[in-house]
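Participant: Residue strings, one per chain:
Protein chains: 2
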Amino acid sequence: MPIHLHQDLDRLAKEILSLGALAEEATNHAIEALIHRRADLAESVLSGDDRIDRREVEIEIECLKMLALHQPVAADLRYIVAILKVNSDLERVGDLAVNVAERALYLANHDPLDVELDFPTMGELVKRMVRDCLDAVVRRDVEVARRVIQDDDKVDEINRAMFDILEATMQADGSTVKRAVHLLSASRHLERIADLATNISEGVIFMVDGEVVRHQPELYE
Amino acid sequence: MPIHLHQDLDRLAKEILSLGALAEEATNHAIEALIHRRADLAESVLSGDDRIDRREVEIEIECLKMLALHQPVAADLRYIVAILKVNSDLERVGDLAVNVAERALYLANHDPLDVELDFPTMGELVKRMVRDCLDAVVRRDVEVARRVIQDDDKVDEINRAMFDILEATMQADGSTVKRAVHLLSASRHLERIADLATNISEGVIFMVDGEVVRHQPELYE
Chain A
1 MPIHLHQDLD
11 RLAKEILSLG
21 ALAEEATNHA
31 IEALIHRRAD
41 LAESVLSGDD
51 RIDRREVEIE
61 IECLKMLALH
71 QPVAADLRYI
81 VAILKVNSDL
91 ERVGDLAVNV
101 AERALYLANH
111 DPLDVELDFP
121 TMGELVKRMV
131 RDCLDAVVRR
141 DVEVARRVIQ
151 DDDKVDEINR
161 AMFDILEATM
171 QADGSTVKRA
181 VHLLSASRHL
191 ERIADLATNI
201 SEGVIFMVDG
211 EVVRHQPELY
221 E
Chain B
1 MPIHLHQDLD
11 RLAKEILSLG
21 ALAEEATNHA
31 IEALIHRRAD
41 LAESVLSGDD
51 RIDRREVEIE
61 IECLKMLALH
71 QPVAADLRYI
81 VAILKVNSDL
91 ERVGDLAVNV
101 AERALYLANH
111 DPLDVELDFP
121 TMGELVKRMV
131 RDCLDAVVRR
141 DVEVARRVIQ
151 DDDKVDEINR
161 AMFDILEATM
171 QADGSTVKRA
181 VHLLSASRHL
191 ERIADLATNI
201 SEGVIFMVDG
211 EVVRHQPELY
221 E
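From first to last, the protein sequence lines are chains A and B.
According to the working numbering, the first sequence is numbered sequentially starting from 1.
According to the working numbering, the second sequence is numbered sequentially starting from 1.
Fair warning: there could be bad hints in the mix.
Computed, partial: chain B to chain A, Cβ under 7 Å [what the hints assert, rightly or not]:
hint : residue
1    : 68
2    : 71
3    : 73
4    : 75
5    : 77
6    : 167
7    : 170
8    : 182
Here are some chain A residues pointing at chain B (derived, C-beta under 10 Å) [what the hints assert, rightly or not]:
hint : residue
9    : 168
10   : 172
11   : 199
Under the rule of at most 16 Å between Cα atoms (straight-line distance), these lysine to aspartate or glutamate pairs were calculated in the EDC-like manner [claimed, not checked]:
hint : chain 1 : residue 1 : chain 2 : residue 2
12   : A       : 178       : B       : 76
13   : B       : 85        : A       : 167
14   : A       : 65        : B       : 164
15   : A       : 178       : B       : 118
16   : B       : 178       : A       : 167
For the record, the hints were derived by calculation from the structure and aren't laboratory data.
Backbone N, C-alpha and C define an ideal beta-carbon position, used for all residues, glycine too.
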């Protein structure tokens with residue numbers, strides 16, 4: 001590998017990690033804001049999203065420059081294209097964290113609903129998936145990537161259970177509807193963050209093995 | 001431009017258009033299924049999604065081959081990278097059409113809610129946005145792309161209005177909750193299809209002008 005390409009790939013890895021750290025922090029803060037009714041943390045997620053958006057644009061431009069300058073092939077080409085996709089997925093994670101934070105802000109300013117929802121477990125899983133998928137990207141670690149894909153099923157299950165509980169709550173008492181709809185949304189947005197961590201992990205497997213695992217769920221069931 | 005690259009770019013345009021046509025058809029059928037309570041149309045969206053998924057993978061592999069083989073620069077490089085993103089966005093449009101179709105299927109099998117929702121206008125807008133963003137991609141037409149971005153505001157507004165109406169419906173009558181939650185989801189998924197058409201249109205502007213319009217909302221307000 002030419003030395004300049006090698007250096008540029010190293011720098012790109014650092015840059016995507018730093019964007020990943022921002023997306024991970026936004027996700028963690030949004031989850032904490034939701035669970036602990038912390039309006040201040042929710043606000044910090046809202047005000048931090050601009051930075052994530054700017055970093056995404058910068059990294060995309062960087063990737064295009066590298067493709068044009070080094071004209072990489074095989075594994076290096078797959079790596080840069082994978083980073084382009086991870087980049088776009090991380091920006092979406094940031095947007096979803098904003099959505100969760102907006103729900104958390106509403107909920108923090110209203111009486112809590114007296115209902116048992118497993119946001120703590122869901123939150124731990126989603127936080128771990130985001131952290132793991134970034135590890136998988138940087139260490140090109142297929143085993144970690146496959147673990148993320150498995151975790152996604154657990155998140156889906158918790159999301160479905162929350163839906164049932166919240167629907168029953170709304171049916172029993174109309175005064176809960178607005179808060180329950182915000183909670184439904186928060187749960188769904190967390191589930192979509194988990195989906196994006198799964199996407200990113202599938203990208204890692206593609207990058208390392210050239211194997212396309214998207215749309216082949218039977219491999220992971 | 002070398003003649004082989006020229007031919008390959010033409011073929012790529014045809015391929016992304018054919019994927020776009022599948023995603024557009026899925027969207028249209030899901031909307032019709034929702035509005036006219038057509039379980040048969042909903043089923044056809046569900047069974048058609050595999051084909052969209054397979055086409056996405058094929059086009060991605062095609063793009064990687066073109067990058068490796070032709071090592072394009074400048075406008076051609078931006079075009080291929082833009083197609084990679086459009087490809088991934090169209091696959092997500094297909095997934096969202098499946099989500100809408102699943103809601104439509106549930107609703108078609110239950111009594112209609114007696115509530116005034118403007119799915120026809122929302123549906124027309126979303127269908128037009130998907131069609132227009134594909135036109136914008138193939139004709140590299142920045143004007144059409146900008147129109148799509150403007151339409152997105154109208155869809156957001158209808159989505160918000162539906163939320164208010166459905167929340168009030170659930171508050172007034174607990175027996176409406178399940179159906180109203182399905183309608184909320186359908187509205188939100190349509191709104192996300194509109195977001196993806198907007199993404200694709202922003203990609204066209206980047207491809208043609210090299211201008212990054214994402215995260216610069218002031219340009220379109």
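Participant: All hints are to be evaluated individually against the structure, with a verdict given for each.
Facilitator: Cross-check of the supplied hints:
no.	hint	verdict
1	68	holds, 5 Å
2	71	holds, 4 Å
3	73	holds, 5 Å
4	75	violated, 11 Å
5	77	holds, 6 Å
6	167	holds, 5 Å
7	170	holds, 5 Å
8	182	violated, 10 Å
9	168	holds, 8 Å
10	172	holds, 7 Å
11	199	holds, 9 Å
12	178/A - 76/B	violated, 49 Å
13	85/B - 167/A	violated, 36 Å
14	65/A - 164/B	violated, 46 Å
15	178/A - 118/B	violated, 21 Å
16	178/B - 167/A	holds, 7 Å
Going through the hint list in order, the structure does not satisfy hints 4, 8, 12, 13, 14, 15.
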